[in-house]
Amino acid sequence: MGGKNSVGFLILIIGIILIPFMVTNDYYLGVLIFTAFNCLACIGLCLLMGYAGQISIGHGAFIAIGAYTSGILTAKFAWSPWLAMFCGILIVIVIAFCLGIPALRLKGHYLAMATLGFASIVHIVAVAAVDLTGGPSGLVNIPRLDFFGYVLSSDKQYFYFSWSVVALGVYIAFNLINSRVGRGLQAIHGSEDAASSLGINITSYKVQVFILSAVFASVSGSLYAYYMNYIDPGPFDVSHSILLVTMVAVGGLHNIWGALIGAVFLSLLPEFLSFLSDYLQVLGIAYQPDYDTLVYGFILLIIMLFLPEGLFKGFGNITQFVRSIFKKFSKRASDRVK
Amino acid sequence: MSNSILELEMLRKNFGGVVAVSDLSLQIEQGAITSLIGPNGAGKTTIFNLVTGFLAPSSGHIKFAGRIVNKMKPHTIASIGIGRTFQNVQIFPKMSVIENIMVGRHLRSNAGIFYSCVLPPFLRKEEKRIQEAAEEQLHFLNLAQHAHAPAGSLPLGNQRMLEIARALAIEPKLLLLDEPASGLNARETIAMGELIEKIKQMNVTVLLVEHDMELVMDISDYVAVINFGKLIAEGTPVEIQENEDVIAAYLGE
Numbered sequence: 010m011g012g013k014n015s016v017g018f019l020i021l022i023i024g025i026i027l028i029p030f031m032v033t034n035d036y037y038l039g040v041l042i043f044t045a046f047n048c049l050a051c052i053g054l055c056l057l058m059g060y061a062g063q064i065s066i067g068h069g070a071f072i073a074i075g076a077y078t079s080g081i082l083t084a085k086f087a088w089s090p091w092l093a094m095f096c097g098i099l100i101v102i103v104i105a106f107c108l109g110i111p112a113l114r115l116k117g118h119y120l121a122m123a124t125l126g127f128a129s130i131v132h133i134v135a136v137a138a139v140d141l142t143g144g145p146s147g148l149v150n151i152p153r154l155d156f157f158g159y160v161l162s163s164d165k166q167y168f169y170f171s172w173s174v175v176a177l178g179v180y181i182a183f184n185l186i187n188s189r190v191g192r193g194l195q196a197i198h199g200s201e202d203a204a205s206s207l208g209i210n211i212t213s214y215k216v217q218v219f220i221l222s223a224v225f226a227s228v229s230g231s232l233y234a235y236y237m238n239y240i241d242p243g244p245f246d247v248s249h250s251i252l253l254v255t256m257v258a259v260g261g262l263h264n265i266w267g268a269l270i271g272a273v274f275l276s277l278l279p280e281f282l283s284f285l286s287d288y289l290q291v292l293g294i295a296y297q298p299d300y301d302t303l304v305y306g307f308i309l310l311i312i313m314l315f316l317p318e319g320l321f322k323g324f325g326n327i328t329q330f331v332r333s334i335f336k337k338f339s340k341r342a343s344d345r346v347k
Numbered sequence: 008m009s010n011s012i013l014e015l016e017m018l019r020k021n022f023g024g025v026v027a028v029s030d031l032s033l034q035i036e037q038g039a040i041t042s043l044i045g046p047n048g049a050g051k052t053t054i055f056n057l058v059t060g061f062l063a064p065s066s067g068h069i070k071f072a073g074r075i076v077n078k079m080k081p082h083t084i085a086s087i088g089i090g091r092t093f094q095n096v097q098i099f100p101k102m103s104v105i106e107n108i109m110v111g112r113h114l115r116s117n118a119g120i121f122y123s124c125v126l127p128p129f130l131r132k133e134e135k136r137i138q139e140a141a142e143e144q145l146h147f148l149n150l151a152q153h154a155h156a157p158a159g160s161l162p163l164g165n166q167r168m169l170e171i172a173r174a175l176a177i178e179p180k181l182l183l184l185d186e187p188a189s190g191l192n193a194r195e196t197i198a199m200g201e202l203i204e205k206i207k208q209m210n211v212t213v214l215l216v217e218h219d220m221e222l223v224m225d226i227s228d229y230v231a232v233i234n235f236g237k238l239i240a241e242g243t244p245v246e247i248q249e250n251e252d253v254i255a256a257y258l259g260e
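Residue numbers (our numbering), protein chains in the order written: chain V, 10 to 347; chain P, 8 to 260.
Since the hints were made in silico from the structure, they are not lab data.
Fair warning: this is a prediction, and the values are worked out from it, not measured in the lab.
Be careful, since some hints might not be right.
To be verified - Reference excerpt, derived from the structure (chain P facing chain V, CB under 10 angstroms, subset only):
no., residue
1, SER11
2, PHE22
3, GLY67
4, ALA72
5, GLY73
6, VAL76
7, ARG91
8, PHE93
Claimed, not checked - Partial list, computed: chain P residues near chain V (C-beta under 8 angstroms):
no., residue
9, MET109
10, VAL110
11, GLY119
12, LEU126
13, PRO127
14, PRO128
15, LYS132
16, ILE177
As the list claims (entries may be wrong) - Below, in silico cross-link-like pairs of lysine-lysine (DSBU-like), each with a Cα-Cα straight-line distance of 35 angstroms or less:
no., chain 1, residue 1, chain 2, residue 2
17, P, LYS205, P, LYS237
18, V, LYS85, V, LYS165
19, P, LYS78, V, LYS116
20, P, LYS237, P, LYS132
21, V, LYS116, P, LYS70
22, V, LYS13, P, LYS70
23, P, LYS207, V, LYS13
24, P, LYS237, P, LYS135
25, P, LYS237, V, LYS322
26, V, LYS337, V, LYS116
27, V, LYS116, P, LYS237
28, P, LYS237, P, LYS207
29, P, LYS80, P, LYS101
30, P, LYS101, V, LYS13
31, P, LYS80, V, LYS116
32, P, LYS132, P, LYS207
33, V, LYS322, V, LYS340
34, P, LYS70, P, LYS205
35, V, LYS322, P, LYS205
36, P, LYS135, P, LYS80
37, V, LYS322, P, LYS180
38, V, LYS340, P, LYS80
39, P, LYS205, P, LYS135
40, V, LYS337, V, LYS85
C-beta atoms are modelled at their ideal positions from N, C-alpha and C, and glycine is treated no differently.
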């Protein structure tokens, strides 16, 4: 990890340590735990979108597979949660491989279509395979995670655990980006012809990153299942997959920090909007939670128009702009002194 | 030509009804600088794309170091020792200059995605070796002062140098340069010629496509002239300059 990223990483760690002391409300802590799950999926998706230049509109399906594998194996077959999570990872690797090989051989956005179709199938199976998944009424009795018998029972413990996994995910992502493989990926994004003329197997790399991003999603799903102790098909529909893509795009495609910021921003936005709606009520405007989608769309539109590189780069540009104005003023002031 | 590294045998490439390369046979001598010249659209870049696996020949054979390489993918061709540059410079503009060259060390290192994610100690060593090799390459090309600048910010001449440095980083036996001097000014062109001669001294065979005749005649050991996908003449620069077919092709008699 380079200098700036180490600083960012330090800030992330300090934030993780301090936040539970500031947020004592269990509901908000829960929201932040969900945010961690989204962050995890978005890190993987950012590697795929920002570094390999491919879009998956089906990452919700990998989250679902992770969640359901964990849920079914622990609740119905009494497996250890860790083993079940590992099993979910293996299943996702096989599926991502089978999806990725045909879709990524072709130039263009075939992966987006393949994953979109796949996400719909997974959702339908989750709803219809009642014997296995519990269908629309869901799967209950999923245990919490434990470390050698020490169960993560409180939300605070789970907050620390899930955000530690996010920090680990960030660490892994930065290792990858600054490695031989990461450079290969950036090269592919820069020019596929040049990359292959240097001996980089483009299809193989794209498939590998797709698999890695699916593993991130699967782990996120398993953690979700162990936190909720209950899963139903509701949160795993295609719209969630699209929301994940939106998070990464809003934060900034080409930067892991951007993906994190996007994930945090859009995960917390509904809470902020419901908070805001109380005030709007006073003004006589009846804000419905259904309007959230509208606000999402509006934010995406604004960001694509004015901050096409995402919030992360956008903030950077704004601070640079402010700094340049400040410099101008200080220069003028010093000229006057002379 | 006695000792050839690359042999084209009755090579043909059709694009629909258009014949870009027409039953062309040519041998490229090892350790020499050979230039492919010819009017625009003669099929020179198509030949490059065939040799490097970006296009598959319609018929005929391409033999590199005695091995038929017709059906190989570009990345496999690179791995057996053929490097190339592109007519429209294809550097990775957002990556730094040194990172561009580090990508070129891809074939000379082997960390997979798993090890890259967890970064064990032996990988740090490999990473260091990649970096050192890249720095060496930068010094060779006098680009060291730009090492950490984004590659896209370099002037065109340096971008072409960088592209060659990157191709050299794979340690090729044969290097294909597609119009390395196009868009360069006179001084940059001279530097480019010196660089290509230095590459030859490193025992790398060079195959060159170039329109700058002064440069071609200056540095080439052999020249092959192509028109309408056919070989119309080959020989030393002096022989070519006196060849009437060549003069006719160029002056359109």
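Verification of the supplied hints:
Using the Cβ-Cβ criterion of 10 angstroms, the hint placing SER11(P) at the interface with chain V is not satisfied: the shortest such distance is roughly 22 angstroms. Restraint check, PHE22(P) versus chain V: the minimum CB separation of about 18 angstroms is more than 10 angstroms; hint violated. This hint is violated: GLY67(P) has a C-beta 22 angstroms from the nearest C-beta of chain V, more than the 10 angstroms allowed. Given the 10 angstroms rule on beta carbons, the hint for ALA72(P) is violated: about 16 angstroms separates it from the nearest Cβ of chain V.
For the restraint placing GLY73(P) at the interface with chain V, the shortest Cβ-Cβ distance is roughly 21 angstroms, beyond the 10 angstroms limit, so the hint is violated. The beta carbon of VAL76(P) comes no nearer than 14 angstroms to any beta carbon in chain V, farther than 10 angstroms, and the hint placing it at the interface is violated. A least Cβ separation of about 5 angstroms between ARG91(P) and chain V falls short of the 10 angstroms threshold, and the interface hint therefore holds. Taking 10 angstroms as the C-beta cut-off, the interface hint given for PHE93(P) holds, the closest approach to chain V being about 7 angstroms.
Annotation: interface hint on MET109(P) holds; nearest CB of chain V at approximately 6 angstroms, less than 8 angstroms. Proximity of VAL110(P) to chain V holds as hinted, the smallest CB-CB distance being about 5 angstroms (cut-off 8 angstroms). The interface hint given for GLY119(P) holds, since its Cβ lies 7 angstroms from the closest Cβ of chain V, which is under the 8 angstroms cut-off. For the restraint placing LEU126(P) at the interface with chain V, the shortest Cβ-Cβ distance is roughly 5 angstroms, inside the 8 angstroms limit, so the hint holds.
With its C-beta approaching chain V no nearer than about 10 angstroms, PRO127(P) sits outside the 8 angstroms limit, and its interface hint is violated. The interface hint given for PRO128(P) is violated, since its Cβ lies 13 angstroms from the closest Cβ of chain V, which is over the 8 angstroms cut-off. Using the Cβ-Cβ criterion of 8 angstroms, the hint placing LYS132(P) at the interface with chain V is not satisfied: the shortest such distance is roughly 12 angstroms. For the restraint placing ILE177(P) at the interface with chain V, the shortest Cβ-Cβ distance is roughly 6 angstroms, inside the 8 angstroms limit, so the hint holds.
With a CA separation close to 30 angstroms, the supplied pair LYS205(P) and LYS237(P) stays within the 35 angstroms bound. The suggested pairing of LYS85(V) with LYS165(V) holds, with an alpha-carbon distance near 27 angstroms, which does not exceed 35 angstroms. Distance restraint check for LYS78(P) and LYS116(V): the Cα-Cα separation of roughly 19 angstroms lies within the 35 angstroms cut-off, and the hinted pair is therefore satisfied. Restraint check: the Cα-Cα separation between LYS237(P) and LYS132(P) comes to about 50 angstroms, which exceeds 35 angstroms; the hinted pair is violated.
For a cut-off of 35 angstroms, the pair hint linking LYS116(V) to LYS70(P) stands: about 28 angstroms separates their Cα positions. Simply put, LYS13(V) and LYS70(P) have alpha-carbon atoms about 49 angstroms apart, too far for the 35 angstroms limit, and the pair is violated. Straight-line distance between C-alpha atoms of LYS207(P) and LYS13(V) comes to about 42 angstroms, which puts the hinted pair past the 35 angstroms bound. Among the hinted pairs, LYS237(P) with LYS135(P) is inconsistent with the structure: their alpha-carbon atoms are about 47 angstroms apart, more than 35 angstroms.
At roughly 52 angstroms between alpha-carbon atoms, LYS237(P) and LYS322(V) are farther apart than 35 angstroms, so this suggested pair is violated. This hinted pair does not check out: LYS337(V) and LYS116(V) have alpha carbons roughly 48 angstroms apart, beyond 35 angstroms. Using a Cα cut-off of 35 angstroms, the hinted pair LYS116(V) and LYS237(P) holds, with the two alpha carbons roughly 32 angstroms apart. Restraint check for LYS237(P) and LYS207(P): satisfied, since their Cα atoms lie roughly 27 angstroms apart, inside the 35 angstroms limit.
For the proposed pair LYS80(P) and LYS101(P), the alpha carbon gap of about 26 angstroms is at most 35 angstroms, so the pair holds. With a CA separation close to 18 angstroms, the supplied pair LYS101(P) and LYS13(V) stays within the 35 angstroms bound. Restraint check for LYS80(P) and LYS116(V): the C-alpha separation of about 15 angstroms stays at or below 35 angstroms, so the hint holds. A threshold of 35 angstroms between alpha carbons decides the hint, and for LYS132(P) with LYS207(P) the separation of about 31 angstroms falls inside it, so the pair holds.
Distance check on the hinted pair: LYS322(V) and LYS340(V) sit about 27 angstroms apart at the alpha-carbon level, within 35 angstroms; holds. The hinted pair formed by LYS70(P) and LYS205(P) meets the criterion: a straight-line CA distance of about 26 angstroms does not exceed 35 angstroms. Restraint check for LYS322(V) and LYS205(P): not satisfied, since their Cα atoms lie roughly 42 angstroms apart, outside the 35 angstroms limit. For the hint linking LYS135(P) to LYS80(P), the alpha-carbon distance of about 29 angstroms falls within 35 angstroms, and the restraint holds.
Proximity of LYS322(V) to LYS180(P) is assessed by CA-CA distance (about 42 angstroms); at most 35 angstroms being required, the pair is judged violated. Between the alpha carbons of LYS340(V) and LYS80(P) the distance comes to roughly 58 angstroms, so the proposed pair goes past 35 angstroms and is violated. For the hint linking LYS205(P) to LYS135(P), the alpha-carbon distance of about 26 angstroms falls within 35 angstroms, and the restraint holds. A hinted pair counts as satisfied when its Cα atoms are at most 35 angstroms apart, and LYS337(V) with LYS85(V) does not qualify at roughly 68 angstroms.
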